[in-house]
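Here the protein sequences line up with chains A and B, keeping their order.
Take the first sequence: its position 247, counting from 1, is numbered 247 in our numbering, and each next residue is one higher.
Take the second sequence: its position 164, counting from 1, is numbered 164 in our numbering, and each next residue is one higher.
One or more hints might be untrue.
List of simulated lysine-lysine pairs, DSSO-like, C-alpha gap at most 30 angstroms [stated by the list, open to error]:
no., chain 1, residue 1, chain 2, residue 2
1, A, Lys251, B, Lys12
2, A, Lys352, A, Lys257
3, A, Lys257, B, Lys56
Which chain B residues stay away from chain A? Per the calculated CB distances, all over 10 angstroms, these [said to hold, decoys possible]:
no., residue
4, Glu55
5, Trp66
6, Val73
7, Glu197
8, Ile222
9, Tyr275
Note that these hints are calculated values from the structure, not bench results.
Backbone N, C-alpha and C define an ideal beta-carbon position, used for all residues, glycine too.
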Amino acid sequence: MTTTTPARPIENAYAAGQLPRWAPLVMLISSLATFVIIFLFVQAGRPASEFNIVGAVLFGVVLYAVVLTTVSRLVEGHRRATDRLVTTLVALAFVIALLPLVSLLYTVVINGAARFDIDFFTLSLRNVVGEGGGALHAIIGTLEMTLAATLISVPIGLMTSIYLVEYGRGRLAQAITFFVDVMTGIPSIVAGLFAYSLIVMFFGPGVRVGIAGAVALSVLMIPVVVRSSEEMLRLVPNELREAAFALGVPKWLTVTKVVLPTSIAGITTGVMLSIARVIGETAPLLVAAGFTNNFNYSLFSDRMQSLPVFVYSSYISQGTDAQAYIDRAWAGALTLILIVMALNLLARIIAKIFAPKTGR
Amino acid sequence: MTSTAARRIRAKQRPGDRLFSGTALAAGALILAILAAVAAFLVIQGIPGIAADPEKTTLLEGTNFWAYVGPLVFGTLWSAALALLMAVPIAIGIALFISHYAPRPLAATLGYIIDLLAAVPSVVFGLWGGNVLAVGVQPFYAWLAENFSWIPFFAGPASGTGRTILTASIVLAVMVLPIITAICREVFLQTPVLHEEAALALGATRWEMIKIAVLPFGRAGIVSGAMLGLGRALGETMAVAMVLSASNVITFNVISSTNPSTIAANIALSFPEAYGLNVNVLIATGLILFAITLVVNTIARYIVNRRKEFSGAN
Numbered sequence: 001m002t003t004t005t006p007a008r009p010i011e012n013a014y015a016a017g018q019l020p021r022w023a024p025l026v027m028l029i030s031s032l033a034t035f036v037i038i039f040l041f042v043q044a045g046r047p048a049s050e051f052n053i054v055g056a057v058l059f060g061v062v063l064y065a066v067v068l069t070t071v072s073r074l075v076e077g078h079r080r081a082t083d084r085l086v087t088t089l090v091a092l093a094f095v096i097a098l099l100p101l102v103s104l105l106y107t108v109v110i111n112g113a114a115r116f117d118i119d120f121f122t123l124s125l126r127n128v129v130g131e132g133g134g135a136l137h138a139i140i141g142t143l144e145m146t147l148a149a150t151l152i153s154v155p156i157g158l159m160t161s162i163y164l165v166e167y168g169r170g171r172l173a174q175a176i177t178f179f180v181d182v183m184t185g186i187p188s189i190v191a192g193l194f195a196y197s198l199i200v201m202f203f204g205p206g207v208r209v210g211i212a213g214a215v216a217l218s219v220l221m222i223p224v225v226v227r228s229s230e231e232m233l234r235l236v237p238n239e240l241r242e243a244a245f246a247l248g249v250p251k252w253l254t255v256t257k258v259v260l261p262t263s264i265a266g267i268t269t270g271v272m273l274s275i276a277r278v279i280g281e282t283a284p285l286l287v288a289a290g291f292t293n294n295f296n297y298s299l300f301s302d303r304m305q306s307l308p309v310f311v312y313s314s315y316i317s318q319g320t321d322a323q324a325y326i327d328r329a330w331a332g333a334l335t336l337i338l339i340v341m342a343l344n345l346l347a348r349i350i351a352k353i354f355a356p357k358t359g360r
Numbered sequence: 001m002t003s004t005a006a007r008r009i010r011a012k013q014r015p016g017d018r019l020f021s022g023t024a025l026a027a028g029a030l031i032l033a034i035l036a037a038v039a040a041f042l043v044i045q046g047i048p049g050i051a052a053d054p055e056k057t058t059l060l061e062g063t064n065f066w067a068y069v070g071p072l073v074f075g076t077l078w079s080a081a082l083a084l085l086m087a088v089p090i091a092i093g094i095a096l097f098i099s100h101y102a103p104r105p106l107a108a109t110l111g112y113i114i115d116l117l118a119a120v121p122s123v124v125f126g127l128w129g130g131n132v133l134a135v136g137v138q139p140f141y142a143w144l145a146e147n148f149s150w151i152p153f154f155a156g157p158a159s160g161t162g163r164t165i166l167t168a169s170i171v172l173a174v175m176v177l178p179i180i181t182a183i184c185r186e187v188f189l190q191t192p193v194l195h196e197e198a199a200l201a202l203g204a205t206r207w208e209m210i211k212i213a214v215l216p217f218g219r220a221g222i223v224s225g226a227m228l229g230l231g232r233a234l235g236e237t238m239a240v241a242m243v244l245s246a247s248n249v250i251t252f253n254v255i256s257s258t259n260p261s262t263i264a265a266n267i268a269l270s271f272p273e274a275y276g277l278n279v280n281v282l283i284a285t286g287l288i289l290f291a292i293t294l295v296v297n298t299i300a301r302y303i304v305n306r307r308k309e310f311s312g313a314n
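If we strip away everything but chain A, and leave its shape as in the complex, we get:
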């Protein structure tokens, strides 16, 4: 045996001065574990208190960020340390955004399940004080008003997008594009006030009717329909139009027989997404259509209840048996979320199945 000890070869010269791949994960787990243990001791010290999982995770993540940055700064230098810190923060931002979503969906499902029963979908709130009753009148109102709004907005929105894509040139088209964008930003309650002022001209002061709600919803819906349809029409390849023109087909027939059928799936998707957007609108309906506890099938007389307003009024004006009102509000919220999610999902499926073949 000689006494010479050969210099230990560097295993990977390119990885020198770098933290191993597993280091961040180990640090994360150990910092979380540290604070879980600390909080367990705190809880043991105060028997009445509950285990504070949110606090433990929060402090654990902060510790992780500090440890990772410090170690990385010592091993890898400050530039990589900053890089790692930012990576942590960016990932954290995403997790923070998920928290309200998860919490919201969880509470809506848990609390909504209490009254999510047959009665809820078969009864109205007529003469109901306290427990019982249902939201059928609100569901009918929502369906009628949303349908009416769709009937108003889709023709206007679709024709406008056809104008913008197929005919519009110059200042008018520019102005329409710009004001459609501006219209997207109209606060929903302002749309409600507009519909109210409009209807007051015909029906007299203080009147709330379903059609006013539909008008308010269409003010919100039209710009969404225009934007999505416009996008879809622009996706139609120009070669199709040129081929039709070359065969001597008039322009209006080219649009109705070639362009529209090609893009109809995308347009349908856009319309469904716009329905999903307005079906949850509360403020304009509260202002323009009012609220009621009775069935009302007529859009043109008397107040009309809708599901979002049902949720709102159950929550705001809780009666003697407050829990019954709160339960109904949660059940309404659950129904609303299910409807919106179903519409969204359906729209995405349609878009996926019938997506135009772009040839790439």
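Since the structure of chain A is already known, use the hints to place chain B on it.
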């Protein structure tokens, strides 16, 4: 070009063509008319409210219209500003996460999850904010009031219910998050790949690459996304109406039980019982809200459209 350029051949005008293009034009013009009508009706119905006699209008409680609307405007701007303060950094983080950090196959799904937030109806956010969030953050407010009451914003005394303007702003922040994220994400994805690769080739770390290539390129997008979010936050009604316990005051204290209301929430809460001139007063406040959001959105759209021309992304 030579001077012998052929005269443009005009297509034969058929009745069907005229009818169809006429209808399309009419629909486009109708949209301009609707927007004009919204403004006109609000002005017509609002002016009697602005000029209303304070003694005869119960809502004004003896003060004039401007004294009534002042705290509301303050509350609207203040809550929206707080919401943006919270939402913008997080939205930029999420957008970066989706565009530059998350594994490519996952990115679309993650984007969809954030879009889910936008699909939740505002009334559900209100219900959640009032019943869950307000209760959850109340101990935190109490702690703030105990330890940080020397900061004017947390002067306290902390609200017992947690229904303060800070809670309302948190809900607003969650609601505008998907809008800002969507725009930032789109702009970040449009960063020229050559810029990014050049930065990386010079030895920049990922964050340095983002700092010198992505963020300067996306600055206009971030600003306009924030402005669009601001427009939404200003006009949001239900989240505030259902979360906030409001009184007509101006205060910067964000955790006490006396909070300024916002224009939209005030309309929602007062309109169902309003009669006579009170209705006009509320419509006049709505007109002011309309004007504010119109200005904000116009500026935002102007920035977006100006950027479109030189980005080469389209």
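To see whether the hints hold, each was checked on the structure:
1. Lys251(A) <-> Lys12(B): The hint holds at about 10 angstroms.
2. Lys352(A) <-> Lys257(A): Holds - the C-alpha atoms of Lys257(A) and Lys352(A) are around 22 angstroms apart, at most 30 angstroms.
3. Lys257(A) <-> Lys56(B): Cα-Cα ~62 angstroms, so violated.
4. Glu55: 21 angstroms, holds
5. Trp66: 19 angstroms, holds
6. Val73: 14 angstroms, holds
7. Glu197: With a cut-off of 10 angstroms, Glu197(B) remains clear of chain A, as the shortest Cβ separation is near 17 angstroms.
8. Ile222: Consistent with the label, Ile222(B) stays out of reach of chain A, its closest Cβ about 14 angstroms off (over 10 angstroms).
9. Tyr275: Given that some Cβ of chain A is not farther than 10 angstroms from that of Tyr275(B), nearest at about 7 angstroms, it is violated.
Hints 3, 9 from the list above are not met by this structure, while the remaining hints are.
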